[in-house]
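Enquirer: Residue strings, one per chain:
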Amino acid sequence: MSARHLRRSVLFPAVASVAVLGLVACGSSEPPPEADGDVEEQSTEAEGECQEYVEAAAEAPEGGDDTFIFAGSADPATMNPYFASDGETFRVARQMFEGLVGVEPCSADPAPLLATDWETSEDGLSTTFTLQEGVQFHDGTPFNAQAVCDNFEWMNNQPAGPSQSPANSYYWDKLYKGYGDDSIYESCETDGDTGVTISLNQPFAGFVPSLSLPAFSMQSPTAIAQNGTVQDGGNPMTTEYATNGPVGTGPFQFESWNRGQEVTLSAFDGYWGEPAKTQNIVVPTISDLGARRDALLAGEIDGYDLAAPGDLPKLEEEGMQLVNRPPFNILYLAFNQSPSSGAPLDDLMVRQAIAHAIDKEAVANETLPPGSAIADQFMPASVAGYADDVTTYEFDPERAEELLAEAGAEDLTLDFNYPTDVSRPYMPDPVATMNVISTQLEDVGITVNPVGDAWDPDYLEKISNSSDHDIHLLGWTGDYNDTDNFLGVFFGGETKEWGFDNPEIFDALTEARGIPVPEEQIPLYEDLTREVMEFLPGVPIASPVPTLALGENVSGYIPSPVNDEVWSSVVVGE
Amino acid sequence: MLRYALRRIGLMIPTLVGLSVLLFVWVRLLPGGPERGLVPPGASPDDIDRISAVYGFDKPIHVQFLTYVKALASGDFGLSIRTNDPVFSSFFDRLPATIELTVCALVLATVIGIPLGYVAGRRQGSWLDSAVVSASLVGVVTPVFVLAIGLKYVFPLELGLFFTQGRESRGSQNEHPTGFYLLDGIITGNLDAFTDATMHLVLPSVALASIPLAIIVRITRAAVSEVIHEDYVRTAQAKGLAASVITRRHVLRNAMLPVITTVGLQLGLLLSGAVLTETVFSINGIGSYLFDAIGNRDYPVLQGYIVFIALMYALVNLAVDLSYGIIDPRVRVP
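In the order they appear, the protein sequences are chains L and V.
When we follow the numbering used here, the leftmost residue of the first sequence carries the number 1, and every step to the right adds one.
When we follow the numbering used here, the leftmost residue of the second sequence carries the number 1, and every step to the right adds one.
Do not rely on the hints blindly, as some may be mistaken.
As the list claims (entries may be wrong) - With a straight-line cut-off of 27 Å between C-alpha atoms, the simulated DSSO-like cross-links for lysine-lysine are:
no.: 1; chain 1: L; residue 1: 177; chain 2: L; residue 2: 496
no.: 2; chain 1: L; residue 1: 177; chain 2: V; residue 2: 59
no.: 3; chain 1: L; residue 1: 174; chain 2: L; residue 2: 496
no.: 4; chain 1: V; residue 1: 59; chain 2: L; residue 2: 496
no.: 5; chain 1: V; residue 1: 59; chain 2: L; residue 2: 174
no.: 6; chain 1: V; residue 1: 70; chain 2: V; residue 2: 59
Don't read these hints as lab results, they were simulated from the structure.
Could you build all of it, start to finish, from the sequences and the hints given here?
Expert: Written out as structure tokens, the structure is:
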């Protein structure tokens, strides 16, 4: 389990809020607050800061340069978002495509977008959507109920081979559990041009919010039929559509993709919502973080994502704008309870001792960006299943020593695994974080052996496919507001990362996942959260704030906790 | 000479075939595989197994090898597992960026390095010689990325000159019929594009030129200081030949053999080794792509690119060997 840097997210804003989002302003240079212990307070503070960007949008100027240049850290994998699961692909896709469901600004909650409203049946098996009228795809194909059904049928009936590989169609594979008759998708029925009902053959509470994922964007059925389909065994990533002809309904349309160099988009004149304020978008690939920073400082680009904490003072000093996203991630220290690891981490007292030995505030203050929220459970406070009254483990070195003595583990020695060459939104500087936590553990008498590995594939391979680790750092950025997207990812079943078998937790998660009504489901998730923190499979550390760096003359950028950032409101210059 | 060249080219074939076999085995012996990086880190072992099955990584290595050879025989070098780029065309799409950068760096290194080395060699022991030797030592030991960062700080960030990344200004939409941006600017008659590409090339070229420049200076200095004490130079001086003629015909020509060997070797090295410069300056060349492929265990890219680079290296060496005969008739091949 773990990470996924920018990748995941959700699509744009609601129909109702497009007018607001369409504007946005940007650019707080206020120094963000330091991390402190009140999780909900932090979360509210971050959301409040975000709301200021939305409100300032109304005052965003007109005019300015006709091009917004935002550097990505890697080339997009494809122009067809259905076959992607990475943040750089989704960043570009969000500008061109829209889903039935969007995201409320500054939150991870679903909001109307191409569907103006929806209603789910009591059994949770079917959802009826009312569609936005007057929408057309960039190629002139009308967006209507039939287009929605064509999209779902296409997504569900991928040919065998690479099209059905989780390496490509990861999200459909994961959330709909397969293709054709094997999937939980049942049928799609139209009711005129603006009514459509999608039926599932088993309840999936995350169905509506998950539709905000760019992977489930609505794509032109005409364009897909013409040059986006392959036969059995064909590679969907090399079609003309996936490389050179994506067609959505978003505010920007595709112009060119110079592989490895840049993607260029232009404003779509026939956009149904608030038209884009900037005519052209360029997303160059600049893989080196230092090169992105230098390019921004030299005025060659207008913004980039995930500014390194160490660069923030320099960027601020040079007048750049630092925009914090409300955190929707979690950084944790995991315990491997597998007996084959050799460490006595299957002993609850040892786990509790480690939890008491860690001063999370010191970790956050010394190694995470300012404004990061301290965590007391395995999800940020904005997730629906967050429980207010979980068992907490205050920083108490004396208690930690007592617990170690009671457990007979005074001479405890642990391998501490960490990645050496990576920066993730939830883990901007893993080496520094490991060092601070190691020092704290050693202060209570634990001997720590730091074990560093290259992130991909070495570290991920070791953590997820072997038992050769004791404690390690990892984390996760959520896709949308669903507890299962956090707890289910971590504790949905027995894994080598955690090395424990707790059928009570596994079964409770499976049960909660199948409940279609949020009012009934959320209390179950809250109970589960309490249970998990009693069991203490690891120590949630914090939800670090991901920081965007923008040029001093950029306005109209609205940060999103789930990276649902569409640039139609951005203005450069003037 | 033609027969010699053809024979050398013929010998390359078994070399490249042998290299392909070794590479095939080597990349699969690396710990980890490419499957892991194709899905978000939360993917299950079952996901990974299914991906392996799609790409055939679950098959015995000899079966994989036969599949690979069969595809290769029909000219199919496969697709990058990570980016889905065809290996063959992606290499040649990226090659112009690397060649342009390498050639500019080497021209810079040669044009500055040979005269400096010559002067230092002629005036051994002088303050100029000491300065050149010391500077070249600094050039050799300074890592390219340190120099690159320094150059970026001084020029674009402090003085507003040149650019920190890329081969042209972003979003330029210039035409690129050949992929060599300088040449494209000239061919399309777009002077702005030519100037823009030149301005983008300055800092990466300087950064990449630093080490070869230092080496060329030292080799030229050593060769010149040896040649000027040869009998035939003294004889030429005694005959009253003009100093410029002695320099051109006797000193430089004889001192050039080791220098050309060095330039040839450097060209081969730079073509494959401009990884850091390409990364720091965001130049989409073969070095940076290959570097990513190693990290991602992208088997087809690793296999294809290394074979292509080996081929280029061999061809450059052949060209160097053939050039000996032009400079020194004594080593001319039949």
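Enquirer: Sort out whether residue 59 of chain V lies within 27 Å of residue 177 of chain L, counting only the CA atoms.
Expert: This hinted pair holds, its Cα atoms lying about 26 Å apart.
Enquirer: Are the Cα atoms of residue 59 of chain V and residue 496 of chain L separated by 27 Å or less?
Expert: Status holds; Cα separation ~25 Å.
Enquirer: Measure nothing beyond the straight line between the CA atoms of residue 177 of chain L and residue 496 of chain L; if it is 27 Å or shorter, mark the hint as holding.
Expert: holds, 22 Å
Enquirer: When you check the alpha-carbon spacing of residue 59 of chain V and residue 174 of chain L, does it fall within 27 Å?
Expert: With a Cα-Cα distance of about 25 Å, the restraint between residue 59 of chain V and residue 174 of chain L holds, given a limit of 27 Å.
Enquirer: Would the hint linking residue 70 of chain V and residue 59 of chain V be met if the CA-CA limit is 27 Å?
Expert: This hinted pair holds, its Cα atoms lying about 15 Å apart.
Enquirer: Does the structure keep residue 174 of chain L and residue 496 of chain L at a Cα separation of 27 Å or less?
Expert: holds, 19 Å
Hint check: no violations occur; every hint is consistent with the structure.
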